[in-house]
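Visitor: Listed here are the chains, written in short residue letters.
There are 2 protein chains.
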Amino acid sequence: MAKDLSTREENYSQWYTDIVTKADLAENSAVRGCMVIKPYGYAIWERMQAELDKMFKDTGHQNAYFPLFIPKSFFSKEASHVEGFAKECAVVTHYRLKNDKNGKGIVVDEAARLEEELIVRPTSETIIWDTYRNWIQSYRDLPLLINQWANVVRWEMRTRLFLRTAEFLWQEGHTAHATREEAVAEAEQMLRVYAAFAEEWMAIPVLRGVKSANERFAGAVETYCIEALMQDGKALQAGTSHFLGQNFAKAFDVQFLSKENKLEYVWATSWGVSTRLMGALVMTHSDDNGLVLPPKLAPIQVVIVPIYRNEEQYQAICDKGREIKQMLEKAGIRVKLDDRDTQKPGFKFNEWEFKGVPVRLAIGPRDLENSTVEVARRDTLEKEVLQMQDIDQKVTHLLSQIQQNLFQKALDFRNSNTFKVDSWEEFKAKIEEGGFIEAHWDGSPETEQAIKEETKATIRLIPLDGQMEEGHCVYSGKPSKQRVVFARAY
Amino acid sequence: MAKDLSTREENYSQWYTDIVTKADLAENSAVRGCMVIKPYGYAIWERMQAELDKMFKDTGHQNAYFPLFIPKSFFSKEASHVEGFAKECAVVTHYRLKNDKNGKGIVVDEAARLEEELIVRPTSETIIWDTYRNWIQSYRDLPLLINQWANVVRWEMRTRLFLRTAEFLWQEGHTAHATREEAVAEAEQMLRVYAAFAEEWMAIPVLRGVKSANERFAGAVETYCIEALMQDGKALQAGTSHFLGQNFAKAFDVQFLSKENKLEYVWATSWGVSTRLMGALVMTHSDDNGLVLPPKLAPIQVVIVPIYRNEEQYQAICDKGREIKQMLEKAGIRVKLDDRDTQKPGFKFNEWEFKGVPVRLAIGPRDLENSTVEVARRDTLEKEVLQMQDIDQKVTHLLSQIQQNLFQKALDFRNSNTFKVDSWEEFKAKIEEGGFIEAHWDGSPETEQAIKEETKATIRLIPLDGQMEEGHCVYSGKPSKQRVVFARAY
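Note that the protein sequences, when read in sequence, are chains A and B.
Under our numbering, the letters of the first sequence match residues 1 to 490, in that order.
Under our numbering, the letters of the second sequence match residues 491 to 980, in that order.
No lab work stands behind these hints: they were computed from the structure.
Hints should not be assumed to be uniformly reliable.
[Unchecked claim] If you want the footprint, here are the derived chain B segments under chain A, 3+ residues with CB under 8 angstroms:
| no. | segment |
| --- | --- |
| 1 | 540 to 554 |
| 2 | 862 to 876 |
| 3 | 949 to 960 |
[What the hints assert, rightly or not] The calculated BS3-like cross-link candidates involving lysine-lysine, where the alpha carbons are at most 27 angstroms apart (straight line), are:
| no. | chain 1 | residue 1 | chain 2 | residue 2 |
| --- | --- | --- | --- | --- |
| 4 | A | 101 | B | 577 |
| 5 | A | 98 | B | 544 |
| 6 | B | 942 | A | 57 |
| 7 | A | 296 | A | 420 |
| 8 | A | 98 | B | 567 |
| 9 | B | 588 | A | 250 |
| 10 | A | 87 | B | 567 |
| 11 | B | 786 | A | 57 |
[As the list claims (entries may be wrong)] Reference listing, derived: stretches of chain B covered by chain A, where coverage requires no fewer than 3 residues with Cβ under 8 angstroms from a Cβ of chain A:
| no. | segment |
| --- | --- |
| 12 | 519 to 530 |
| 13 | 577 to 583 |
| 14 | 587 to 596 |
| 15 | 617 to 623 |
| 16 | 897 to 911 |
Beta carbons are placed, not taken as given, at the ideal position from N, Cα and C, and that holds for glycine.
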């Protein structure tokens, strides 16, 4: 167990916060609910951004940038959207400060009140669809496939680093299509992109499905989502992709002339993932020794630590370290040689272990003589001494093994914490233990709401690839054709 | 002259706006003073970001992210900073909307007033130095070399796309150092980085220097800057790097224990460039036919346009086009094959010319027979027919020539519009013509202010590499040791 780190057993919530803050991922700022993303945390986010951005571009999307502020009146145009978003938000009312006459420092200049208040964007459907009206006239202008990397603000009362913050970073895709089918296909495609990213890059297995009406995005016709299971048995929504129908096109009057020369409303999707994924990453893989990072996202994949007793050894081992570093870098590996002479090897071991570096190479005087290196892997904490020869190939292989192992471990955890439940008593008992519960549901919002009130469990999703199966609702006993997935969630 | 484009001669300002909007770089949004950066414009910005980010990382900087909001009181802590920034800004006063009781839609909930107003960051020195207080204890924590990519808001009354907008995108570096010398060296290093980027990537020659006291950043001890000359003879500040002394460390109480075990205030720099550079790019190279882009920043470097009369020719030529595209892409060139069969070649020629694509390849039936291709370059509008053989090498060479030519052309323009002036009469006459004026100045803010009031010219910079030369102030006649550079500026 790492120093100053709560264990998951003791206090899961504190363990999470300890890792995020002490591994230098993020911290709370002086502004309530807003976080500072520290360089090490931001480097992980940059790697996530880079890969997602590539996936978006490979599927034909382009980036653009829309205003931070949204006129208040825009929110009223889509009825369910305003209910979902316009309430808890940052409102800009003035555009100037002035020196107080009575010497109280700077105060808001009441003479500089905005005619219409501006909302700091909680999501950008409204301002974007207001813009699309001028961009779309004909079917030739479609599809419009645009993504934006941006900050957004939702005034959350209880905040937690990465998981729920007043300001967060995200990407939001907003696409426009000529047909319903094309828009649905786009929403489904982006869900597949998110699932592939979560599984192949973050090593987080996810369930794919659609939300029940209660849990849908405000303004969506269908919300597709991926859901992951955290180590405390709670679910985390890791990404959503919405089929918006013609709701926003109608609200903002976006019509196009079809091939058949008919004026029609445009079909829409939107989809997003956020810095919340950083929270999922931490909670899926980390242990009581600190952060564990999948190699594909680790800013440092390999750390080299020299072990020495005197200056002469220090020089010779650092030389060897630099040589290995170069060799590994040539193989495309991100390497740090920790040649600080102000810290002992033990301190360095702990530090890099805590920060989740996937592979540690230690080189001592005997290694120099024998042409060996001690290789430690962060996921299993196993160590072995290897011959230096072909070390680049060995490390490349090991990194790929670690990536796979982390995914498999998380998958095994999810599988052993997913339960088919058929009675209400069992449901209530199981939900206390955590995990995904597959149960029948009668399809009514009332039943869903009653279950939520009694157990705090929500329907995480209705599986996309779920098998049809006749059954009876675990709560109401009414007939059901398919199990849905329940859990308590972040 | 391109259709619907004002010429520079007719109306320079309208010409600029026409290019920005009609080449699909950006447009005004529904929110006063805020722009929408369109995909084509954003793709250029992304290329600029990517290269700058690499340059920052190569010089040891890391990215991080700090909050969008800054508590009002933070601005009061650094006296000159508040004067410079806190006045014209977006102020968040409330955090909730509600449905109006009288059915007037949604209104600001007066019960949700913030205890302390939040300012949408106009720049982040205050929030960052408030954070650094906890990050810096000892000389071992220094230097701290951090950059942030972010949006900022300054409530400008008169706005112009890219050049002056209420919200803009930028990067802001904020570094902390143990000594004055180190901080000065950092500020100077980042000026060199900006100058290299402007000249090598944007093909914009820049003067390097420091600002006079009047023109310094609010809170800086010294402001280094690069200045470029636009085609209308006005100067544009293209980047600034500030040596902040210990001003922010003192304002936010950031001290460190030195190697000598003494408690000392930390030395600071900050430096930034913004989407304003997009404006400089447009105004430096473009002509009356539209946008002209330097190849290194062009999202599309080469466009291939097939010329055909019938379906059979269309297929054969498109096949050839795809083949050339692949060959060029293999050489690292960004290529678009415009195989739309809904538009005529002439339309395509105009469109890509207007959008500034550096090289156009046209392939017709005779080219197929003769194994040739017509190559047109955007900078000179010259065309020639080349043999298809080794076309990848030929185009690579041409792109590099165009990059150099654009720089040289801009440099020639600047040189022929830079004047040494020694009398006040001449100064007043020359400033009307535009260009950089090198003149002696007595060093007093009063004289600088008087010159500004009479001529609208400001001191753009005091050259860093300027030769010492005895002379007399062009305005006051008092002695001077060095010429400074005056101009009217954006």
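Visitor: Which of the listed hints are not met by the structure?
Guide: 2, 3, 5, 6, 7, 10, 16
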